[in-house]
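A.B. asks: Protein chains in written order, with this note's numbering: chain A, 1 to 113; chain B, 114 to 225.
Rather than coming from a laboratory, the hints here were simulated on the basis of the structure. Idealized CB from N, CA, C, for every residue including glycine. A hint or two may mislead.
[Said to hold, decoys possible] Not the full set, but computed from the structure, chain B residues with beta-carbon under 8 Å of chain A:
| id | residue |
| --- | --- |
| 1 | E127 |
| 2 | G129 |
| 3 | W140 |
| 4 | H154 |
| 5 | L158 |
Residues per chain are reported as follows:
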Amino acid sequence: AQSVTQLDSQVPVFEEAPVELRCNYSSSVSVYLFWYVQYPNQGLQLLLKYLSGSTLVKGINGFEAEFNKSQTSFHLRKPSVHISDTAEYFCAVSLTGANNLFFGTGTRLTVIP
Amino acid sequence: DAEITQSPRHKITETGRQVTLACHQTWNHNNMFWYRQDLGHGLRLIHYSYGVQDTNKGEVSDGYSVSRSNTEDLPLTLESAASSQTSVYFCASSEGTLYEQYFGPGTRLTVT
Numbered sequence: 001a002q003s004v005t006q007l008d009s010q011v012p013v014f015e016e017a018p019v020e021l022r023c024n025y026s027s028s029v030s031v032y033l034f035w036y037v038q039y040p041n042q043g044l045q046l047l048l049k050y051l052s053g054s055t056l057v058k059g060i061n062g063f064e065a066e067f068n069k070s071q072t073s074f075h076l077r078k079p080s081v082h083i084s085d086t087a088e089y090f091c092a093v094s095l096t097g098a099n100n101l102f103f104g105t106g107t108r109l110t111v112i113p
Numbered sequence: 114d115a116e117i118t119q120s121p122r123h124k125i126t127e128t129g130r131q132v133t134l135a136c137h138q139t140w141n142h143n144n145m146f147w148y149r150q151d152l153g154h155g156l157r158l159i160h161y162s163y164g165v166q167d168t169n170k171g172e173v174s175d176g177y178s179v180s181r182s183n184t185e186d187l188p189l190t191l192e193s194a195a196s197s198q199t200s201v202y203f204c205a206s207s208e209g210t211l212y213e214q215y216f217g218p219g220t221r222l223t224v225t
């Protein structure tokens with residue numbers, strides 16, 4: 001069975017500092033990987049996804065993530081955060097050929113002025 | 114613009130009552146999903162559908178049912194609401210695996 005672990009439930013960071021949100025997954029088969037963002041009182045929006053090819057994936061709002069197969073990780077990074085990045089971030093995995101997503105428990109990013 | 118909507122946005126009901134949450138999408142997507150979001154659990158899949166007349170159970174389907182009579186709608190029914198079903202419910206739709214899931218704004222359900 002597949003599962004997703006987001007080790008950090010909360011990450012506070014100062015404005016304009018870099019941030020990394022960690023995501024590890026477990027699966028015995030090939031997977032697709034996603035990062036979603038949820039702003040307060042809203043649904044989820046896709047930030048980026050890894051399907052195949054280059055292991056470095058760039059998404060919206062200056063975020064990027066790197067797929068590391070040997071470490072089964074898909075960490076999300078941004079070199080300089082803004083106040084507007086304050087939100088909940090979810091890592092998700094789906095099996096290749098399947099339509100269902102399995103979500104991690106989320107990381108709440110708080111950007112401090 | 115295509116969208117996915119949920120109604121109601123907020124609902125308070127009593128234990129034992131039947132409740133139906135609506136989800137409507139105008140993307141013309143075949144795949145639709147229902148999740149619940151709880152603190153410490155992230156989003157968990159309740160039911161999903163790959164097309165009209167198709168429904169499947171997800172990770173936490175007990176006490177919930179869905180039906181798919183057309184492409185646009187996937188209503189979620191709580192047969193007999195329980196306090197453990199107090200949660201925020203999200204509906205989503207997608208074209209398929211390679212494509213993102215589009216989420217609705219959510220329904221906050223409180224069972225008293």
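A.B. asks: If a hint holds in the structure, say so; if it doesn't, say that too.
C.D. replies: Evaluation of the provided hints:
Hint on E127/B is violated. Least Cβ distance to chain A is approximately 25 Å, over the 8 Å limit. Hint on G129/B is violated. Least Cβ distance to chain A is approximately 29 Å, over the 8 Å limit. Taking 8 Å as the C-beta contact cut-off toward chain A, the hint placing W140/B at the interface is violated, the least distance being around 14 Å. The beta carbon of H154/B comes within 6 Å of a beta carbon in chain A, closer than 8 Å, and the hint placing it at the interface holds.
Here the hint on L158/B is kept, as its CB sits about 6 Å from the closest CB of chain A, short of 8 Å.
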